[in-house]
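**Q** Sequence lines, in order, name chains B and A.
If you read the first sequence in my numbering, its first letter stands for residue 790, the second for the next number, and so on.
If you read the second sequence in my numbering, its first letter stands for residue 7, the second for the next number, and so on.
Quick caveat, the hints were computed from the structure, so don't treat them as lab data.
C-beta atoms are modelled at their ideal positions from N, C-alpha and C, and glycine is treated no differently.
Check the hints yourself; a few may be wrong.
Computed list of lysine to aspartate or glutamate pairs in DMTMM-like fashion (alpha-carbon distance at most 25 Å, straight line) [to be verified]:
| id | chain 1 | residue 1 | chain 2 | residue 2 |
| --- | --- | --- | --- | --- |
| 1 | A | Lys-136 | B | Glu-1441 |
| 2 | A | Lys-136 | A | Asp-120 |
| 3 | B | Lys-1154 | B | Asp-900 |
| 4 | B | Lys-1014 | A | Asp-33 |
| 5 | A | Lys-74 | B | Glu-1012 |
| 6 | B | Lys-1355 | B | Glu-1448 |
| 7 | A | Lys-136 | B | Glu-1012 |
| 8 | A | Lys-136 | B | Glu-1224 |
| 9 | A | Lys-158 | B | Asp-1004 |
| 10 | A | Lys-136 | A | Glu-80 |
| 11 | B | Lys-1014 | A | Glu-34 |
| 12 | B | Lys-1213 | A | Glu-8 |
| 13 | B | Lys-1070 | B | Glu-1224 |
| 14 | B | Lys-1070 | A | Glu-34 |
| 15 | B | Lys-1014 | A | Glu-80 |
| 16 | B | Lys-1213 | A | Glu-34 |
| 17 | A | Lys-136 | B | Glu-1478 |
| 18 | B | Lys-1014 | A | Asp-86 |
| 19 | B | Lys-1456 | A | Asp-135 |
| 20 | B | Lys-1291 | B | Glu-1115 |
| 21 | B | Lys-1070 | A | Asp-86 |
| 22 | A | Lys-136 | B | Asp-1455 |
| 23 | B | Lys-1456 | B | Glu-1478 |
| 24 | A | Lys-136 | A | Asp-86 |
| 25 | B | Lys-1070 | A | Asp-120 |
| 26 | B | Lys-1070 | A | Asp-20 |
| 27 | B | Lys-1014 | A | Asp-84 |
| 28 | B | Lys-1060 | B | Asp-1363 |
| 29 | B | Lys-1014 | A | Glu-160 |
| 30 | B | Lys-998 | B | Glu-1478 |
| 31 | B | Lys-1456 | B | Asp-1156 |
| 32 | B | Lys-1070 | A | Asp-135 |
| 33 | B | Lys-1070 | A | Asp-84 |
| 34 | A | Lys-14 | B | Glu-1012 |
| 35 | B | Lys-998 | A | Asp-98 |
| 36 | A | Lys-158 | B | Asp-1363 |
To be clear about the criterion: a stretch of chain A counts as covered by chain B if any three or more of its residues have a C-beta under 8 Å from a C-beta of chain B, and this derived list gives those stretches [said to hold, decoys possible]:
| id | region |
| --- | --- |
| 37 | 76-83 |
| 38 | 140-152 |
These are the residues of each chain, in order.
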Amino acid sequence: MSNNSPKRWQITRRGLLIGLGGAGVLALGWAVGLPKLRLAISDAVEGTEKPFSRGAPKVSPTVWFTINPDNKIILNVQKIEMGQGILTALAQIAAEELDIAWERINVRMADTGSGVDDANGTGNSESVVSHYLPLRQAAATLVVMLKTAAASQLGVAAGSLTSQDATITSNDGRSLTFGAVVAAHTGEWVVPEDAPTLKPNSAFRYIGKSQPRVDLPGKVTGEVKYGHDMRLPNMLWGVVARPVKFGATIASVDQKDAATMPGVHTVVVEKDFVAVAAETKSQAQTALNTMDIVWTEPATPITQQAIENAVTVIPNQGVIIQHEGEPETLLADNSRIITLAYRTPMAVHAHLEPQAAIVDVQPDKVDAWVSTQVPAGMASGIADAIGRKADEVTVHPVFLGGGFGRRLDASLGAEAARLSAAAKRPVMIQWNRAEEFRNGFVRPPTHHVMQGSVDDDGHISVLSHHQASGDVLLTIFPPIVGDILGWDIGAVRGAKLYYTAKGGKQTIAQRVKLPIATSFWRGLGLLADGFAIEGFIDELAKSVSMDPLAFRLKNLPDTPFGNRMKGVLQAVADLAKWGTPLPAGRAYGIACSADAGTCVAQIAEVSVTGTTINVHHVYAAVDAGLVINPDGVKAQTEGGIMMGVSSTLIEEFVVVDGEAGAINFDKYPLLRNSQAPDISVVIVGGGDEPGGMGEPPIGPVAGAIANAVFALTGQRLTSLPLRLA
Amino acid sequence: MELIINQKTYPIPDNGDSRPLLLVLRDELNLTGTKIGCGAGICGACTVHIDGVPTRSCQTPVNSVLGKEIRTIEGLADVDGTLHPVQQAFIDLQVPQCGWCMSGQIMTAAALIDGNATPTPDQIITAMDKNYCRCGTYHRIRQAIAHAATLKKEATS
Ligand code: FES
Ligand code: FES
Chain B
790 MSNNSPKRWQ ITRRGLLIGL GGAGVLALGW AVGLPKLRLA ISDAVEGTEK PFSRGAPKVS
850 PTVWFTINPD NKIILNVQKI EMGQGILTAL AQIAAEELDI AWERINVRMA DTGSGVDDAN
910 GTGNSESVVS HYLPLRQAAA TLVVMLKTAA ASQLGVAAGS LTSQDATITS NDGRSLTFGA
970 VVAAHTGEWV VPEDAPTLKP NSAFRYIGKS QPRVDLPGKV TGEVKYGHDM RLPNMLWGVV
1030 ARPVKFGATI ASVDQKDAAT MPGVHTVVVE KDFVAVAAET KSQAQTALNT MDIVWTEPAT
1090 PITQQAIENA VTVIPNQGVI IQHEGEPETL LADNSRIITL AYRTPMAVHA HLEPQAAIVD
1150 VQPDKVDAWV STQVPAGMAS GIADAIGRKA DEVTVHPVFL GGGFGRRLDA SLGAEAARLS
1210 AAAKRPVMIQ WNRAEEFRNG FVRPPTHHVM QGSVDDDGHI SVLSHHQASG DVLLTIFPPI
1270 VGDILGWDIG AVRGAKLYYT AKGGKQTIAQ RVKLPIATSF WRGLGLLADG FAIEGFIDEL
1330 AKSVSMDPLA FRLKNLPDTP FGNRMKGVLQ AVADLAKWGT PLPAGRAYGI ACSADAGTCV
1390 AQIAEVSVTG TTINVHHVYA AVDAGLVINP DGVKAQTEGG IMMGVSSTLI EEFVVVDGEA
1450 GAINFDKYPL LRNSQAPDIS VVIVGGGDEP GGMGEPPIGP VAGAIANAVF ALTGQRLTSL
1510 PLRLA
Chain A
7 MELIINQKTY PIPDNGDSRP LLLVLRDELN LTGTKIGCGA GICGACTVHI DGVPTRSCQT
67 PVNSVLGKEI RTIEGLADVD GTLHPVQQAF IDLQVPQCGW CMSGQIMTAA ALIDGNATPT
127 PDQIITAMDK NYCRCGTYHR IRQAIAHAAT LKKEATS
């Protein structure tokens, strides 16, 4: 509806609060700092049984949708396609309530400033959750508005009109397409006050059906453009000086003759930023290599050992984030207490497309194409970096070659903007793999002390999880937030205990500040926490010689949530035929977890060759509540499992001599096809609310595999990657 | 200097160097369908065909392929737009997630199918084992290649 000035309900701008339940949380009275308050906060921001949702932009349907004269309807969203199929899922939701043919809807990743700016970005497994009802309401409202306009154009009462496949028909047989109504409309669009009636679920024709992904045709022909593929006429290539050692800063720079080398256009030397822009990438790199840059290294050398020592659970340190009954009493005097300690390493995202940004700083505006999960945050980051107003900057979203939490910070676009501002030409900066390894951020290492005991009747009597972790979420806040809060809400994703413990249970989060950058990685703490909790539950089952499945079913609560967990466990057991003998040399392990309102259970089938663990098959049952696209749910389950298998068997990022121990995949390999299991997925559950899907399936993977290895070899492995003795 | 890419001739500057073919494709000719993942011959994202052989363009000096038939993802479908059976199979089985590895996966798989109409599961895994997919589409890739072999057989019979 570009020829009309849309009437907006209300556009709310929220801060970048990835992983928090809502902006209001931070306004609480922190000075009190009472344990009770912290527990309440922990409950308020948790997304285990319930999905996370910070809502969708509150804008008029005329902003969400563009209707072309040819009656094509475009859904404008600022959710970024990084492989999770979000564009397809959102198009399904909108097409459902518009009640139009599938071919008629297009979906577009909207530029910043176009009205649907979404400061929440894309992540947190919440895009479908946060958009499900708002998009349905917007679509249904749009139909009402179009009918109202059509009624006046046709001179009839709106109530007498029907709408079918984007055509409105009156009972005297005259009809107008949506496109025609919009073209003929004059004046402001008025958004009705009343919420429209939505379709009953029984009438769904797109929601719950596996629509083919809208982005795949262009992905098999090479047509789709990613950040790394963008080019502008007249653009320069930029390279930035980056430290090899963690924590190093620029001490001094001698430019030598960099500025006059072939192809070099601009050299920027500032206190914290040294960069070259040239006609080709290799010219820029050659010039940068010519310069003499001296780095100041951290006074205390950063070592792998120091990091592991720091990330170690210390009794009585940390914040209690879950507390029921009297776990401390039972832990103190019960001679049956079993204790196991778990450890997980740092890991990189290894998104296969290295990040890239092209920024064109012009006198009156700034255009940017950046690999980002958060275009709105990127626009402010760029504006801040070059002293412009955020609304002068337009970030044009691009497809991402994987995200996994890596593409949430604004520094990438800020660098290209600074260089473009100096060069007065568009500048492209592409990271290479070595920069990704050295100068990105990593999944924080964790350490977990699990304690518990079981009564003779097979009930857990006490359960305790004490987790130490590097930061995840606090890295995006001013340091004061972490100092007051005391624990990292992201690091503890999946840390709380979902089993019933008759005498009491507790979860303690011990925050560790590390000298290297740690932050978001698919599922945040979920993979590590699932490994520790589900491995330990297996050990408890063994302590009373119970079947691991039966033990879980017995100790999950009789609540709606507990029943969903039991449901996925039973479903995956049926799928894999748990309990029937396997061929010699094979074993099953089982695990479950809950995250973002989605329950997942998995069974891994493993064998061992020498000291190599082979994962042949992973079976999964998923209860994601209301499912928009079943095949999309399966694909996300498969993807999460594969990434989890890779972490479980292979991946480990280490610091060597104060620098990245690997700068490419030769020393940090990923899971290969021959190591990748077959996967079978069954979807169970249902209801009216969707759960998240981008991250939850990674929760049980490591536990299921480790438990299978235990069943096969008797070795209870408690560190990732799993290494057999 | 000239390159023959997808049956078209592209003049390129002779810089007297042996810059990688990948760089020429992406940065000089704007053929960005071929991707970069590692730049070190490990991930397979940059795979193209050189005289029908799947080859890592990041490890291929451009002056070693002068006069050879280079085929990239942009030239894999027929000129009339009919997709190669592997491309079609990857859509049918909804294989790609982010899609960044897919050009390399598809070029590798296409070379396999074009040379072996009925690959066994083991042959498929061996052929595909050096192409990373971080999104974890591996088992769909295996299924899709078997499906592509069937599509190809149907198309030629
Ligand atoms: S980019 Fe050539 S193999 Fe990775
Ligand atoms: S589809 Fe994303 S790397 Fe393969």
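**Q** Would you pick out the hints that fail for this structure and give their numbers low to high?
**A** Structure breaks hints 6, 12, 17, 21, 23, 24, 25, 28, 29, 31, 32, 33, 36.
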